[in-house]
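Go ahead and model the full structure; you've got the sequences and the hints to work with.
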Amino acid sequence: MTTATDIAEAQLKMPVQRDPSVERRLFHRTLKPLIGTPVNAVITLVCLWVMWLGVKGAWGWLVTRAVTEGGAQACKVGQGACWPYYEAKIRFMIFGVYPYDEHWRVALAMILFLGAIAISMIPRFWTGKLLVLWAFVIAATGVLISGGVFGLSYVPTTQWSGLPLSFLLSAVGLALGFPLGVVLALARSSKLPAIRVIAIVFIEVVRGVPLISILFMASVMLPLFMPSGITVDKLLRAQIAIIIFAAAYIAEAVRGGLQAIPRGQHEAASAMGLHYWQSMRFVVLPQALKIAIPPLVNISIGFFQDTTLVTIIGLLDFLSTVRTAMTDPNWVGIAVLEGYVFAAVVFLVFSYGMGAYSRFLERRMRLGYD
Amino acid sequence: MRADSMSGTRLLYNLRFRAILYQVLAVGSIVLLGLYLFSNVSQKLAEQNIATGFEYLSREAGFVISQTMLDYKPTDTYGRAILAGIVNTIWVSAWSVVLATLLGLVVGIARLSRNPLLALLAFVYVEALRNVPLLLYLFLWYALIVTGLPAVREAWEVLPHVFVSNSGLTVPSLVWTRAHTIIFAALVLGGVLAVAVHRRMTAERIRTGRARATWPWVASALLIPPVLALLILQPEFTVSIPEKGRFRLTGGSQLTPEFTALLVGLALSASAGIAEIVRSGILSVRKGQWEASRALGLRDGLTMRLVVLPQALRVIIPPLTSSYLSLFKNSSLAIAIGYPDLVMVSNTTMNQTGQAIEGIAIFMLVYLGLSIAISLFMNWYNSRVALKER
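Just so you know, the protein sequences line up as chains S and Y, in that order. Under my numbering, the letters of the first sequence match residues 63 to 432, in that order. Under my numbering, the letters of the second sequence match residues 380 to 769, in that order.
Check before you lean on any hint, since a few could be wrong.
Stated by the list, open to error - Some, not all, of what chain Y presents toward chain S, calculated at C-beta under 10 Å: (1) Phe417; (2) Thr526; (3) Leu528.
Rather than coming from a laboratory, the hints here were simulated on the basis of the structure. For glycine and all other residues, C-beta sits at the position ideal for the given N, C-alpha and C.
As structure tokens, then:
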């Protein structure tokens, strides 16, 4: 009679054999998807060819054919990237017409801002202290950029420009659009018909027209709506348009979160004796907003890109300063591609980073860590 | 006294009274705000001597629109100029939607390919297009077309009689007459007929259980009306072929750099979003559905058409709607590179007449109206493909 122990012993005595299928499995895993069928082999060849063209083109433009010395004339003759252009223009492209000697102020403000964002992205720091940090960062960046106190010279908003302005427009737009969006979302799911209709009309009208039309409205029509004698700063007008636009889109993301909360939660909150605002504040919104975080991050990425539209109404955002740098009489028509490639890389880095973060959040949420 | 104050308090705690109070407050404050703004506007307009109303629409526009699908000349009215702008907007959006959908479908499927190289290339394509603003791409494509391509005199002949130069793409074109329009209408009619015939025959097959070849009937329903129209009208088919002269190209029809840049920019950017939508739609159909369908003996094509696609469409259609809508709204960026769409024509009109409020009101209403029309159509289509629950 063989027992389990006997079988185990017999197995131990057997000579160690290599599994003959290991090599074949290696083939299956790595090579079969590439050259398994004739069609696949052709696809692989075409892909390799496309990649080779891309890498060769990029390497040639950036390195082998690049012009590294000389000025505009050398670049005009050369066929590759114009590094002297970057050397001459990089500060203008980033900081725009902000006073040259004060660039350190905006640079410092940007570091503070990006640092605060980096800290806010880590779930471990999601506590009330974060608000204190942000209050400090907002105050500090405001003082640094605007000046007028602590011996810093005053810089008018007409000189705020470049990448800091793009960050400012999108950050303030999202920060102020968020509470407005939450209120709109609550109003849209309210039981009171008049309030619901107002919210629906506002949200759908704003989402139904292009951002550029709201920017036009703010820049052309808003001055007409103000009482005589009151003028609104051009930057502030664009900012108001962006806040309104952001609020409508945020409202829809938050509404999605609100709809995902089962009715039992509302009823339980009422049963506990909480009134509407209390049940929203302590029961419904904390859960709804958590669900809405990934779409909200996607909205943020979109808005960072959409702020480039202020170029059209004549504000000097990052894309606009990059384009202005190209029109410098010394460089006009020489470094067009260089400018756009630089701007594209900057946008790509920030947007891709945010996108990767959004995917991380979604994964984490699916796993249900919190 | 005491009873009165009691009832006052009680009234304030009455839920129905409160609901009415809140709504009256909300509506009232909006009306007051509107009145305040209106009084400001009328005062400002009176101060600045700006006319109001829409009479200006029937005045002569006097400006040139570089390219129109609708016949327009500077002696036409502002109203017609704006209409030409609307047609241009729809024209470029429609072509971009078609291109973006085709590209997005291909790239979305490529993203799921088992070939890692193809999947990687599709991934790079999607991320490069999604993470850089559309406006930047529009400027870039426009700059590449205008500065990167040769002048008209040295235009590249990429295909026989197809020229590429810095003033756009020149292709052979048919000289279009009224007869062609009628034949085209007959073709559309044939299409409608063909769909109807196909439906009838499918219903018949389901009812009787007998399979008959449907394609001869469907094809004849599709083809007979246009062929009849062709035989009756017998129009001339004159093809205008572009020829390279010494200084310019003559003949053919031209896609201007502005149109080409806008078309390419809109289509590429939207295709990246659509690719992601298609990918998630196909991924949402479980593997068991493929296997069950094969077990029933359906071929790959039929599996895709009858089993996978109907289920994937349910997931695909709602986000696809918003991506079409945002493409349509993004076509307003045309103003940045000078394609005369609705916004650009309205902007010129506003600058000439000073009537900013009317101009902005018109283009916002048009966008809103068309957006609502697109979403109604897509909602109708969605309700057709949506899950039919008992």
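For each hint, the structure was consulted:
1. Interface restraint check: Phe417 of chain Y against chain S, minimum CB-CB distance 9 Å, threshold 10 Å, status holds.
2. Interface hint at Thr526 of chain Y: satisfied, since its Cβ lies 6 Å from the closest Cβ of chain S, which is below the 10 Å cut-off.
3. A distance limit of 10 Å between C-beta atoms decides the matter here; for Leu528 of chain Y the minimum to chain S is near 13 Å, and the interface restraint is violated.
When held up to the earlier numbered hints, the structure conflicts with hint 3 and nothing else.
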